[in-house]
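Engineer: Make a model of the complete structure from these sequences and hints.
Numbering (UniProt numbering), first residue to last: 1 to 265.
Hints were generated in silico from the structure; no laboratory data involved.
Since the model is a prediction, treat every value here as computed from it, not as a measurement.
Warning: the hint list may mix true and false statements.
[Unchecked claim] FRET-style restraints, in silico, Cβ to Cβ: (1) Thr113 to Pro177: 29 to 37 Å; (2) Met264 to Ala170: 16 to 24 Å; (3) Pro70 to Met1: 13 to 21 Å; (4) Ala108 to Gln171: 38 to 46 Å; (5) Glu19 to Val53: 40 to 48 Å; (6) Glu123 to Asp220: 32 to 40 Å; (7) Gly173 to Glu33: 30 to 38 Å; (8) Arg55 to Ala170: 35 to 43 Å.
Ideal placement from N, C-alpha and C gives every residue a C-beta, glycine not left out.
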Amino acid sequence: MNRFRAEAASQGLPSEEVEEWIRVARPAAYLAEGGDGPLAARIGGDPLLPHGVPRPSDPFVAGIDLAALPPGATDLPLPADGHLLLFAGTDMYGIGGQVSDAVLYVPAGTPTTRSPLEHGRREPYRPRELRTLWRQPSAQMPESFALDRWGGFPEDEQFELADELGDAWAQVGGHRPAWSLQIGGHPVSPQNDPVHYARGPVDAGPSARAGTDHGKSPDDWALLASWRCGEDVTELDSGVAHWVVRRQDAAARRFDLVHRYVEMA
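Structural biologist: Printed below as a string of structure tokens:
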């Protein structure tokens, strides 16, 4: 954060907006292939489903071991252990909304069995293990920051300032491996912010935030996870799937209320 402050100051960016950029950043965990750490997640292959659970309607993407996430890796009210199973199909490109079986929480100790899923001609995604995990603050996309900061219809100069803040943030971000899964934080979207899409049109400018705990209302939407499809989905150019949840629903383990969005660059 101090490196960002110094970089922003060297560019003459307003300190008030620099501090706001920092305030709304959220912790995130990033998972990638390689490494010799604990198995944090598996991508592709067949899911391990509890006995008697209805087969999800979309292909299996990943199973995340929540116990492998370090404390404070995200600010989501997730269970401390068990597995989150993510599901998404690419035929839903450009369509987003609530999907009752897009995420399944499997508590620790639940008996499971390997369950091949049939989805037409779609083969299971390529199986691989994610053992590289790191934590890093996740900033909003500049456009999302501008819309939340100034609400309504920000001026061109405000969008430009948000872009400059994003550039300064990127300058000091350091090298990161090419991640496959992101847990928590803010989304990186090639098109539209899925969190904004889920919550609908809201004037989240300063007047709308007055009297609130910095927007952390019981109806607060947050990114649960993002998956970079990569070579697994050749029909999408730089495809990304996002799962978005209300914080109160995550705390209540109501993952049947998750919204999912699939998009490409």
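Engineer: Confirm or reject each hint.
Structural biologist: Results of checking the hints against the structure:
1. Distance hint check: the CB atoms of Thr113 and Pro177 are about 33 Å apart, consistent with the given range 29 to 37 Å.
2. Checked against the hint of 16 to 24 Å, the pair Met264 and Ala170 passes, with Cβ atoms roughly 22 Å apart.
3. Evaluation of the 13 to 21 Å hint for Pro70 and Met1 yields a pass: the beta carbon distance comes to about 19 Å.
4. For the pair Ala108 and Gln171, the beta carbons lie near 41 Å from each other, so the given range of 38 to 46 Å is met.
5. For Glu19 and Val53, the Cβ-Cβ distance of about 46 Å falls inside the hinted range of 40 to 48 Å, so the restraint holds.
6. The beta-carbon spacing between Glu123 and Asp220, approximately 38 Å, falls within the hinted interval of 32 to 40 Å.
7. Hint check: Gly173 to Glu33, Cβ distance near 21 Å, so the stated range 30 to 38 Å is violated.
8. Separated by about 42 Å at the C-beta atoms, Arg55 and Ala170 satisfy the suggested range of 35 to 43 Å.
Against the hints set out earlier in the document, a violation occurs for number 7 only.
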